[in-house]
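**Q** Build out the structure end to end from the sequences listed, making use of the hints.
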Amino acid sequence: MTGLETGAPVRTRRRTLTSIWRMSRWLTSPLITVLVASFVVYAALLLAPGDPAVQILGPRATAEQYAALRHSLGLDRPMPVQYGDWLWNALHGDFGSSLTYKQPVSALLGSRLAVTLELAAYAGVLIIVVGIAVGTLGGTARWARLPVTALTAAGIAVPSFVAAQTLVAVLAVRLGWFPVLAGDGGSFTATIRQLTLPAVALAIGWSAYVAQVTRASVAAESRSPHVEAARGRGLSAGAVLRRHILRNAAIPITTVSALAVAGLFASAVVVESAFGLGGLGSLLVQSVAAKDQNAVLAVSLILLVVFVVTTTTVDVLQAALDPRLRTRKQV
Amino acid sequence: MTSSGFRPGRLMTAGLAAVLTLAACSSASSGTATPAALPSAVSTFGTANGDVDSITWGLPYGEPTTIDPPNTANYSSSLVAMNLCEPLVRMEADYSISPNLATASQPDPLTLVYDLKPGITFWDGAPLTAADVVWSLEHAAAPTSVVSSTLAGIASITATTPQRVTVKLSAPDALLPVELATFAGAIQQKAFSEKAGTGLGNAAEGVMCTGPYRVRSWESGQSITLAANPTYWDSTRKPKVQTVRLRFITDSTSLAQALATGELDGAYEVPAAMIPTLQKTTSGNLVFGTPSQLYLALSAARSAGPLADRDVRRALYMSLDVKTITQVGYAGSATPNYTALNKDVWDNGAVSPRARQLWRDAYAGFEAERGSYGSAQAVTEAQQLARSAGYAGQPIVLAVLAGDATLSRTAQLIQAQAGAAGFDIEINALQPMEFEQAAVDPAKRDGIDLILGGGFNAAPAPLELMSFLALPGSFYNYTGYDNAEVTSAITKARATTDPVEQARLLIAAQTILEQDYSTVALAQLGEIAFVNKRLGGAVTSFAYLNMPSFASLGSAG
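Protein chains in written order, with the UniProt record's numbering: chain C, 1 to 331; chain D, 1 to 557.
Hints in this document: simulated from the structure, not taken from any laboratory. Model, not experiment: these values are computed from the prediction.
FRET-style restraints, in silico, Cβ to Cβ: (1) D:Ala389 <-> C:Ser72: 38 to 48 Å; (2) D:Ala131 <-> C:Ser72: 24 to 34 Å; (3) C:Ser106 <-> D:Gly371: 57 to 67 Å.
Result set (SDA-like, lysine to any residue): computed pairs, CA atoms no more than 25 Å apart in a straight line: (4) C:Lys102 <-> D:Ala141; (5) D:Lys168 <-> D:Pro143; (6) D:Lys195 <-> C:Gln103; (7) D:Lys444 <-> C:Ala48; (8) D:Lys238 <-> D:Gln163; (9) D:Lys444 <-> C:Ala289; (10) D:Lys323 <-> D:Ile425; (11) D:Lys533 <-> C:Val170; (12) D:Lys533 <-> C:Leu171; (13) D:Lys444 <-> C:Gly74; (14) D:Lys444 <-> C:Ala43; (15) C:Lys102 <-> D:Ala191; (16) C:Lys102 <-> D:Ala142; (17) D:Lys195 <-> D:Gly125; (18) D:Lys492 <-> D:Gln106; (19) D:Lys168 <-> C:Gln65; (20) D:Lys117 <-> D:Ala131; (21) D:Lys280 <-> C:Arg174; (22) C:Lys102 <-> D:Ser217; (23) C:Lys102 <-> D:Phe192.
C-beta atoms are modelled at their ideal positions from N, C-alpha and C, and glycine is treated no differently.
**A** See the structure below:
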């Protein structure tokens, strides 16, 4: 008896099992990634030159004092032991104390996470809206092709700190349209105004990247046979764009947009320092410079989780958009 | 069809190129413009005429790591802590010391007595008692404290009455009364501090002190807001600025830009590289402060290597022109220096006038001897001296802090000047943690021959700096310098309460030490601060670090 005669049950059960198996792989693979990456970060930090005890006590302490402090902080234990200890505590929700600020690391993360999220959200919106809009324009309107290509090339080439300093020098110092410093709080509009320059500085490079990929896929799609057919059948340009070009160009566009949003968490490091924003990025920079291992790991963990969640989401989105990817056998 | 489509494209591309060029030029700060007249150094700037509701102040060294005063190991931390907490005796802008929470007396060389002034309360209303003083000094002298080495001479601290504290010394110590006027001697409340435990001074717990400001809020990573203490005990020094908002701005360019737009009303420790930019700023004044305990030192890093011979070291220093080094790096905010001790360590209000004159006379001798170093003739002599002492062109590794524009420019200048005398100097830029380690761990200095770095003295006392430089095993003694006469003179100087006798002993020791050329302070650096034009009464000398510097500010007009 085949499934066709007796109805759906056999095929559905097999499909459910396959989905569960695939989803559990989706979970274990990221977990392993996070574990391995956290170990690499820990090892790299501990093996780097520098002694946190010297930074805490300053240059006018004796060798005995440094050794005593190192011992009381557990810094003289072998690296795998320190890592194991950290991992065990982390699994219980205890991320340890910051060597620099002498507070639980979790206390340091609260306001900083909010700042970085606000900045990332603002920049993310800019990246996606501007990137896709400019890219679509470049891919559809013939007159826009060259300027968009030039613009995106320039956008990718400009490093974020150069963009940051230029924006501030012109728009904040010379024209006074925006403040130099962000993070002053206040009303929603005040926050938007303060975060605009940092968000734009962050968004320039990534939105150019998104625009490039969008332009290329849109241009490729608009030359495809089904689009020619749709035009031939008299569909309006708007309908052709929406229903045929964009839907099919959506996969590479979504992928690159998601990766850009994940990547900008890391790029936020430079921009946060330049604008005096107390976010996760500036905490990471300070903590690495001070070898504050608990803080570095906590922030790294957050970044890792963001990356992993984003890439997993991208996989899910791709599967949703492209039926061909849903069942392996049929690809 | 296509030719008309290209025109807007070309215009846009050209426009883009123009914007980028404009941006590149506008954000350059190479200091090639002719500088406006540079301010001369002062210890206070402007007068505080009226009240100010609130100011925003920048911290270029970032967020304080703690506000527990004796454990503040960086500029940001000390600045904030010393506006909150006060020592028993206070420092003024010229480093002179006067009674504060207590009057000090010394009945015999081994005893210091502090009589607390009546009516002083902590922010929570509790009265200041001798028990609080005992706790605070013991806390500062504890082996885990950053300043424990400076208070090592204390044998016991007792509250002989609720208003009197007696400090017994294990040996006579002329340095201790001065050290207790710095952040090492700040007084906190015993009950609060014991309850706060290991969290004392962090963002969550804070401190409990008597000072003119208290912390209204500390948003970790964002800002600290200080509020004037309405019940401050000293009615002659009530703060005029009601609220101080502190922002952590570590990026030099952002700092300068924020000062220019007025988003920051001021900052201490402005990087020297920002002088050309801030000179042109009309929103306020760039001020150079004196006396300053900041200096630039070039030191031999170890006893072995190409600089092992004293004559080679001397030849190296002979080839350096400190006037040029000072001007290029510090643009008028620093003065050339000719001794291992920076000039302001003895040229300040904490040193008695007669002693100060003795130091001045001695310094004049060094200036006369070394003033011509770096001239063409000196360079030729240096080359001959080095060669006759056995230097044959071996590479000399110069370690300098990476990431600091001024220091790296100075290192390159030194390399060029010494190069003219035949010295082959290789610059090794070390990351901050590596550099710090090299300064404290001899093992890390194995591959280094010279260290160029900024230093600062916590106490305005030549005795302290000489001890650190010349005593065997001490913190800045990198070459293992060990001279019995020098050690004996320093030890005697520490034991004498007569400032003139102390000066004579130390100057005799200096005369021997300076001939070793194991270290020279190339420049006496001024404190570089910026004050918005709406403010006056700023303390601009480096003593700001040990004083409630915000309490003297007020509106200028």
